[in-house]
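Asker: One letter stands for each residue in the lines below.
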Amino acid sequence: MAQADIRAFLTEVAGPDAAARASADYLTQEARRHIPAGRIAEWVAACRSLEQAGLGNAVILAYVRQSPVVARIAGADAAIALADHVKTIAFTAGRAAAQALPAAAAAAASRLDSADRYKAWLAVVLRFAPHMKESVEALLRHTDHILSRLDVSRFEAWTLGGIRIAGGDKERRRLFFAFGDPAAERSLLRESGEVVFSDLERRLKTYLTALWRVRVAVREAAVGVGRPIPRRASFDAGVVRMPASFPGVPQAQANDLFRAALAHIAAHLMYSGPRFRPGSLKPLQIALVSLIEDARVEHLAMRDFPGLRRLWLPFHAAAAAGTVTAPGLMARLSRALIDPDYDDDDDFVAKGRRMFFEREADWEDPTISRGIGNLLGNDLGQMRVQFNAKTYVVEPAYRDDNAGLWDFEDAPPEDMDVAEMFESVRIAPKQEDEPEPDDSKQDNAPDTPINKARPSDSTPEEEGVPVARYPEWDYAVAQERPEWTTLVEYPPAPGPAAVVERILEGRPDIVNRITALVRSARVSRPVRLRRQPEGDRLDLDACIDAVITQRHGDTPDPNVYMTSARKFRDLSVLVLLDVSQSTNDRVKGSRETVLELEQEATALLAHAMNEVGDPFAIHAFCSNTREEVRYMRIKDFQTPYDNMAKSYLAGLTGQLSTRLGAAMRHAGEDLRNQMTHRKLLLVVTDGEPSDIDVQDRKYLVEDARKAVASLSQQGIDVFCVGLDSGGDSYLTRIFGRRNALQIDRLSSLPEKLPMLYFRLTA
Amino acid sequence: MDLKDYLIAEEPYYRAVGSEIALFEAAYASRMPMMLKGPTGCGKTRFVEHMAWRLKKPLVSVACHEDMTASDLVGRYLLDAEGTVWHDGPLTLAVRYGGICYLDEIVEARQDTTVVIHALTDDRRMLPLEKKNEVIRAHPDFQLVISYNPGYQSVLKDLKESTKQRFGAVDFTYPAPDIEAEIVAHEAGIDMPLARQLVTIAARSRNLKGHGLDEGASTRMLIHAGQLVARGVSLGEACQVAIVLPITDDPDIRDALGAAIEACT
Chain Y
801 MAQADIRAFL
811 TEVAGPDAAA
821 RASADYLTQE
831 ARRHIPAGRI
841 AEWVAACRSL
851 EQAGLGNAVI
861 LAYVRQSPVV
871 ARIAGADAAI
881 ALADHVKTIA
891 FTAGRAAAQA
901 LPAAAAAAAS
911 RLDSADRYKA
921 WLAVVLRFAP
931 HMKESVEALL
941 RHTDHILSRL
951 DVSRFEAWTL
961 GGIRIAGGDK
971 ERRRLFFAFG
981 DPAAERSLLR
991 ESGEVVFSDL
1001 ERRLKTYLTA
1011 LWRVRVAVRE
1021 AAVGVGRPIP
1031 RRASFDAGVV
1041 RMPASFPGVP
1051 QAQANDLFRA
1061 ALAHIAAHLM
1071 YSGPRFRPGS
1081 LKPLQIALVS
1091 LIEDARVEHL
1101 AMRDFPGLRR
1111 LWLPFHAAAA
1121 AGTVTAPGLM
1131 ARLSRALIDP
1141 DYDDDDDFVA
1151 KGRRMFFERE
1161 ADWEDPTISR
1171 GIGNLLGNDL
1181 GQMRVQFNAK
1191 TYVVEPAYRD
1201 DNAGLWDFED
1211 APPEDMDVAE
1221 MFESVRIAPK
1231 QEDEPEPDDS
1241 KQDNAPDTPI
1251 NKARPSDSTP
1261 EEEGVPVARY
1271 PEWDYAVAQE
1281 RPEWTTLVEY
1291 PPAPGPAAVV
1301 ERILEGRPDI
1311 VNRITALVRS
1321 ARVSRPVRLR
1331 RQPEGDRLDL
1341 DACIDAVITQ
1351 RHGDTPDPNV
1361 YMTSARKFRD
1371 LSVLVLLDVS
1381 QSTNDRVKGS
1391 RETVLELEQE
1401 ATALLAHAMN
1411 EVGDPFAIHA
1421 FCSNTREEVR
1431 YMRIKDFQTP
1441 YDNMAKSYLA
1451 GLTGQLSTRL
1461 GAAMRHAGED
1471 LRNQMTHRKL
1481 LLVVTDGEPS
1491 DIDVQDRKYL
1501 VEDARKAVAS
1511 LSQQGIDVFC
1521 VGLDSGGDSY
1531 LTRIFGRRNA
1541 LQIDRLSSLP
1551 EKLPMLYFRL
1561 TA
Chain V
99 MDLKDYLIAE
109 EPYYRAVGSE
119 IALFEAAYAS
129 RMPMMLKGPT
139 GCGKTRFVEH
149 MAWRLKKPLV
159 SVACHEDMTA
169 SDLVGRYLLD
179 AEGTVWHDGP
189 LTLAVRYGGI
199 CYLDEIVEAR
209 QDTTVVIHAL
219 TDDRRMLPLE
229 KKNEVIRAHP
239 DFQLVISYNP
249 GYQSVLKDLK
259 ESTKQRFGAV
269 DFTYPAPDIE
279 AEIVAHEAGI
289 DMPLARQLVT
299 IAARSRNLKG
309 HGLDEGASTR
319 MLIHAGQLVA
329 RGVSLGEACQ
339 VAIVLPITDD
349 PDIRDALGAA
359 IEACT
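Heads up: the protein sequence lines correspond to chains Y and V, in order.
Residues 801 to 1562 in the working numbering are what the first sequence spells out, letter by letter.
Residues 99 to 363 in the working numbering are what the second sequence spells out, letter by letter.
Hints were generated in silico from the structure; no laboratory data involved.
Backbone N, C-alpha and C define an ideal beta-carbon position, used for all residues, glycine too.
One or more hints might be untrue.
As the list claims (entries may be wrong) - Heads up, simulated DMTMM-like pairs for lysine to aspartate or glutamate below, C-alpha to C-alpha not over 20 Å straight-line: (1) Y:Lys1498 / Y:Asp1517; (2) V:Lys307 / Y:Asp1339; (3) V:Lys307 / Y:Glu1411; (4) V:Lys230 / Y:Glu1305; (5) V:Lys229 / Y:Asp884; (6) Y:Lys933 / Y:Glu1001; (7) V:Lys230 / Y:Asp1341; (8) V:Lys229 / Y:Asp1345; (9) V:Lys307 / Y:Glu1305; (10) V:Lys307 / Y:Asp1162; (11) Y:Lys1082 / Y:Asp1179; (12) V:Lys262 / V:Asp220; (13) V:Lys307 / V:Glu259; (14) Y:Lys1498 / Y:Glu1164; (15) V:Lys229 / V:Glu285; (16) V:Lys230 / V:Asp186; (17) V:Lys154 / V:Glu109; (18) Y:Lys1552 / V:Asp256; (19) V:Lys258 / V:Glu109; (20) Y:Lys1388 / Y:Glu1488; (21) V:Lys229 / Y:Asp1339.
What the hints assert, rightly or not - Here chain Y is said to cover these stretches of chain V; the calculated rule only asks that three of the stretch's residues, wherever they fall, bring their Cβ under 8 Å from a Cβ of chain Y: (22) 309 to 321; (23) 345 to 354.
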């Protein structure tokens, strides 16, 4: 009876065609196999309850398909209860999430393989779902991937971490749980206990600088769902790509492994010559030339720094035993070339060793690698040992994939195997390097800023929200027009955050100066206070004055003590960027636009402010008549300066006009609520205030002047950096002579802005 | 009163790197104020001592600091039973009795303090003591020497342009590796190969200038490390104690520097 009941239900849900009937049959069997006969009626009732809840066939089918799997591992109770949870999730997070739940539950049950652990997992999902409504579906869809690396308690920690990182920002949460944010994968690695490269990055880069005075750009190689985990480091055109972690390497060794890998790549950068051309070399020969080159640069490095041998040697574990395979022999040769105490009686290894050390005098010359590698490649080829270019991985693990040694650009290798050899270990560029392909944001492609200026082009997602109305000052009648301008806040468009990192890396001189200034700004310096009524020491000068006065017969000043107090920084800064259409103009004598310079300057400034620890915000504005003064929050006082803020900064585009007064009033509202002693509004603008609905040039200038005056009444200091060489007159008019700085040579803005900040806040 | 106590009796060891001794002698001959520029621990102070000894003039040194006032340099009234007594400051001593006054790390002092030297360092060569209503004409032997570490240069700490332009300057850097090794070997009493190794290690830390360190390891630090090794400490530990730990508190930089030193040995 029960069986008929299921079938009837399933056929009804699945539809009438033959395939559906077949699958209904299959599902019926599955259900009967895993759910005890006594409980089938309850299970069907659960299915029906989903139908009654109006969740749609897709959800019901997902449940029907997956709940027997749950039943098998976690028991019939769990499987039947799952229907209620599906309804709960549908209620909190929507139908798509509800549809994903049964599959995730089945995956969790199979991964965790215990009813208790499954229940714990489900509890975590149900507990967090209300706090991450939009991302529940993504979390469920990635459950299998996550649980393949973490246990339940770490799953909980990871999920909570994601919610925390996003800090209430829906977009960020969505990105995190969809693994679009590299932080997601990184924190997954961290939770799973691997040594993560980014934790060591700074010290390892510094290590290379100490040894060779090189500053290499190191990127973490992309890892992610559905991508092979990179197994070796790689370098190419000055960029080193490092695996985020070396899975399976014990923690104690992982540190050294990263260090050894970077030192090896640095040896290439220092001692390898121009890239080799593969010509007609076979994959095996290419592998051997690379191997000899590896040994050559390591020996040159060890001439300068003998201690490197102790770093590299422990990773050479090849032993002169076992079956003879090409990779095995090559690993043994690698060891023979670096380890003087290693004995290997194999003819090939011995020959390679002899040939290499015979040319010791010529080690400086990269071509010997090619010569020796070529001959050895021939020998190994004739030994008819197995070599599969597709599965070959360089040994030992610290060595890079050697793709950076070869120049395949002009002459594509005739032999596809060669390319594949590198492909198999090749590390794809980190996703961050390219703008995220995000459907909703496609209209924001950076190369179409002009199109974007037309409101008609905006997609619904980037519709702004009117948040406030501000008065405007009409100088002609000397009156404020109340509620004259409407301020519309727009979500900022994300851009590639790496741009900001690159700016910092590209200006090390400025960054260093900033760091030095930060240090002196950050420490609260003791200031000596003289002539105090009390203190821990006598102020000698005051004492003498007092005694002299006394001997004159006058009453001495009792303030004869000296004490020291610490001076603390207590200020918040809001940087307001003008991103009007005119910022798209190229700066004279430079290939950059005004906006790019603004971004660069702001990146450096933000770096400085972040280091000092002053609370700061970065906002941008432009305007399209008084009805729409657009305002973008790149970073707020309470949000951290992280990749998200950087990506917003990189994503700025120039459009529309400059209604300065309204924007400053809005910025003032934010600053006013800061609980610091000093509040500084730093305006960066490239031109005179203007808007298309205003003809009178003086009107907006006078309004901005009024805005500045009312801000300073509220205790907010306003300072302006003008990027227009002819702007002296109106900037002075608006901000006052002392509070406006004119930058003549625009290209110096990036270094001037942070310096200005230090001077203003010292 | 004279400045006998300030005379240097024994020759301080100084290994000339270039023509600095001849230059300084020429500058002293015309009593030109001198500025010694260079990173910390590269031998500026030792050089002044050596020159004072060579010229047989007393040397009055003042280590400048942020809280220093003009009275700390020129002097002040003190009290005794009868009333007030004027007490010459170190600068006034050197001006009155003829000696070399050496203001070490002058940028540390506040800019308004350092203007007291202005009248001394142009052709007037005099020091007005406002509080005492006295003008001291500088003794013919008097010379002013300041030292100055350009690494500190920043918007917050720098010499006034009007101060800078009164001085001739000698630029000090770390000596070439062979000479530096010679100095380290002499001062620490170690052999040349070890001294050379220490110099290689120093070069590693100097590579980090601007990348986590404000200054690389100075010659002085190398001498310290060398002295420890001479007393039987292992090279690695000596470098840790004398170089890595003092130079930075940043764990990443310590790790990197430690590993780099490891690679050198």
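Asker: Kindly indicate which numbered hints from before are broken by the structure, ordering the numbers from low to high.
Answerer: Numbers 1, 2, 4, 5, 6, 10, 13, 14, 15, 19 - these are the hints that the structure violates, sorted from lowest upward.
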